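The opening position of the sequence shown corresponds to residue 2 in my numbering, with each subsequent residue numbered one higher.
A couple of the hints might just be wrong.
[As the list claims (entries may be wrong)] Distance ranges between label pairs, derived from CB positions:
#	residue 1	residue 2	range
1	Ala-2	His-93	40 to 46 Å
2	Gly-64	Ala-30	17 to 23 Å
3	Gly-65	Gly-25	22 to 28 Å
4	Arg-91	Pro-3	28 to 34 Å
5	Leu-81	Arg-5	19 to 25 Å
6	Arg-66	Arg-34	16 to 22 Å
7	Gly-25	Ala-71	25 to 31 Å
8	Ala-75	Asn-38	26 to 32 Å
9	Ser-29	Gly-70	29 to 35 Å
10	His-93	Asn-56	16 to 22 Å
To be clear, the hints were calculated from the coordinates, so they are not data collected in a lab.
Everything numeric in this text was worked out from a predicted model, so none of it was measured.
Glycine included, C-beta positions come from ideal geometry on N, C-alpha and C.
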Amino acid sequence: APERAELAWRLGLALGATNLALLGIGLSAAHPRRATNWNLLFALLSFIVYYNLINVSQAWIAGGRVGMGASLLALHGTALALALALIAWRDHATVWRLLPRRRAG
Numbered sequence: 002a003p004e005r006a007e008l009a010w011r012l013g014l015a016l017g018a019t020n021l022a023l024l025g026i027g028l029s030a031a032h033p034r035r036a037t038n039w040n041l042l043f044a045l046l047s048f049i050v051y052y053n054l055i056n057v058s059q060a061w062i063a064g065g066r067v068g069m070g071a072s073l074l075a076l077h078g079t080a081l082a083l084a085l086a087l088i089a090w091r092d093h094a095t096v097w098r099l100l101p102r103r104r105a106g
C-alpha cells in the first residue's frame, strides 16, 4: 500500500498542476477598473486546500482507507470539473456581455 500511495501522490502532483493551471485561467478574467484582488486570494486558498487534500489522500491510500483509483478520480476529477465550470461560467458571462441588447418597443 505505501507504493500505491507514493504513486498516487506523484500522479496527484502532476494532475494538480494541470488542474491549478485551468483554475488560474478561469480566475484570470478580471475587470481592469476594479481594484480588488479577491481572485488572487481565492487562488492561494485553493492551492493550500488542494495540496493538503493530495497529502491526506496519500495517507488514506497508505492506510488502506480508500483505493488509489477512487481517490484520484474523486479529488482530481472534482477539481477538474470545478475549474472547467469556472471557465465556462466566465466565458458564458463574457458572451452575454458582447451580444447586442434588444431595445424594447
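Against the structure, the hints come out as follows:
Here the CB-CB span from Ala-2 to His-93 is close to 43 Å, well matched to the stated 40 to 46 Å. Distance hint check: the CB atoms of Gly-64 and Ala-30 are about 40 Å apart, inconsistent with the given range 17 to 23 Å. Distance hint for Gly-65 and Gly-25: a CB-CB separation of about 34 Å, inconsistent with the stated range 22 to 28 Å. Our hint of 28 to 34 Å for Arg-91 and Pro-3 is violated, since their Cβ atoms are close to 41 Å apart.
Remark: the range hint 19 to 25 Å for Leu-81 to Arg-5 is upheld by a beta-carbon distance near 21 Å. For Arg-66 and Arg-34, the hinted distance range of 16 to 22 Å is not satisfied, since their beta carbons lie about 49 Å from each other. Separated by about 27 Å at the C-beta atoms, Gly-25 and Ala-71 satisfy the suggested range of 25 to 31 Å. For Ala-75 and Asn-38, the Cβ-Cβ distance of about 31 Å falls inside the hinted range of 26 to 32 Å, so the restraint holds.
For the pair Ser-29 and Gly-70, the supplied restraint of 29 to 35 Å holds, since their beta-carbon distance comes to about 32 Å. In this structure the supplied range 16 to 22 Å is violated for His-93 paired with Asn-56, their Cβ-Cβ distance being about 34 Å.
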